[in-house]
Amino acid sequence: MRKGQSKDAQNTLKAAVAISPFAMLRQKQLVDVSERLLDTETVAGCYKQMVKISANSVHESPELYLNLAANLSELCEGDDSEEGKQRAKEAIAALDKVSRKFKKDPAVIARSLLVQSRIYKGQGDESRAKSSLEQAIQQIDPETAHIDTRLELARTLYENGEPNAETVLSELAETYADNTAVMAQIEDILDGSKGRKEQTRARRLTKQGIAAFEEGRLDEAIAIFEEALLITPRHVALNLNLLQVLYKQAQEQGLSSELKQKCVQQLQNVQHIPPQHKQYKRFVFLQKKINAL
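Its first residue numbered 121, the sequence shown is counted upward by one per residue in the working numbering.
If you're looking for bench data, these hints aren't it; they were derived computationally from the structure. Think of the CB as a built atom: it goes at the ideal place given N, C-alpha and C, for glycine as much as any other residue. Be a bit skeptical, because a hint or two may be false.
Claimed, not checked - Derived CB-CB ranges, DEER-like: (1) Leu413 / Glu346: 13 to 23 angstroms; (2) Lys123 / Asp268: 26 to 36 angstroms; (3) Lys250 / Thr287: 16 to 26 angstroms; (4) Ala412 / Ala135: 55 to 65 angstroms; (5) Gln258 / Ala412: 12 to 22 angstroms; (6) Ala304 / Pro353: 17 to 27 angstroms; (7) Lys148 / Ser376: 45 to 55 angstroms; (8) Gln258 / Glu378: 44 to 54 angstroms; (9) Asp268 / Arg220: 19 to 29 angstroms.
With the sequences and hints as input, model every part of the structure.
What follows is the structure, given as structure tokens:
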């Protein structure tokens, strides 16, 4: 890990876990490196094993069940195959279990309902998704709720397309502007990535787009960034990457009505980000440049 060889580290930890699968710390180490690699399948497998080996022990915690369900939710989002349905069913079962085991903890119940809402949303069951979200909201006091619960609420509102989601995220960003861990989660929610496989593909396309831009192949860069945005349309940095290429093209070729419309659209796509967002200064800079044209 110190050498930056995350994939080799993951393979080594997988071999260690295969030999000694009941070590909680080792499973957690494998989770950490797998999350860096956006390998949700391995992460879900680890949480499944940790839930199993921690049952009725001092290691058992609501987080294990909630994280298992959340990762399974990502894996089955938009997947109506038998495997997708089975993963959704397994995620709901994990939430049912954590709700029974920790029924005296309102925060656990609320977070369970929020993850449940995302599972139903991902499986196309809009009615149940909305019902679970409404039940969760009734149990959450925004003034006193723990930050984990508030982030879970914000993520669920955002993924369900609720109109007040951006307001909730902006308020959180203002309150936790100096908390890098919370801000990282807020930015992740605002990027709106659909799933780990899609994130990996979008990252690959982004690298290709940047290379094309740096080499002056502007039309190719635009096409690549537009393809990536079909996967993660809300990704802030990606929208700004495309805007930067469009600005460069406008400088070289002039601002046609079509190019102007594209620039305006890209600005609208990211105008919701709060001032605390790490890309906000870049957004303001490009906005001024576009307006000056």
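Checklist entry - So the hint says 19 to 29 angstroms: do the beta-carbon atoms of Asp268 and Arg220 match that? => result Since Asp268 and Arg220 have Cβ atoms about 20 angstroms apart, the given range 19 to 29 angstroms holds.
Checklist entry - Is the gap between the beta carbons of Gln258 and Glu378 within 44 to 54 angstroms? => result holds, 48 angstroms
Item to check | Outcome for the supplied range 12 to 22 angstroms, where the beta carbon pair is Gln258 and Ala412 | outcome: violated, 49 angstroms
Checklist entry - Does the Cβ distance between Ala412 and Ala135 fall inside 55 to 65 angstroms? => result Given about 57 angstroms between the Cβ atoms, the range holds.
Next on the checklist: Looking only at beta-carbon atoms, does the pair Leu413, Glu346 fall within the given range of 13 to 23 angstroms?
Outcome noted: This hint holds: roughly 20 angstroms between Cβ atoms.
Checklist entry - So the hint says 16 to 26 angstroms: do the beta-carbon atoms of Lys250 and Thr287 match that? => result Since Lys250 and Thr287 have Cβ atoms about 19 angstroms apart, the given range 16 to 26 angstroms holds.
Checklist entry - Given a hinted range of 17 to 27 angstroms, is it respected by the beta-carbon distance of Ala304 and Pro353? => result holds, 21 angstroms
Checklist entry - Is the distance from the Cβ of Lys148 to the Cβ of Ser376 consistent with 45 to 55 angstroms? => result At roughly 54 angstroms between Cβ atoms, Ser376 and Lys148 fall inside 45 to 55 angstroms, so the hint holds.
Next on the checklist: Taking the Cβ atom of Lys123 and the Cβ atom of Asp268, is their distance within the range 26 to 36 angstroms?
Outcome noted: Hint holds: Cβ distance 32 angstroms, inside 26 to 36 angstroms.
Checked against the numbered hints above, the structure breaks only hint 5 and satisfies the rest.
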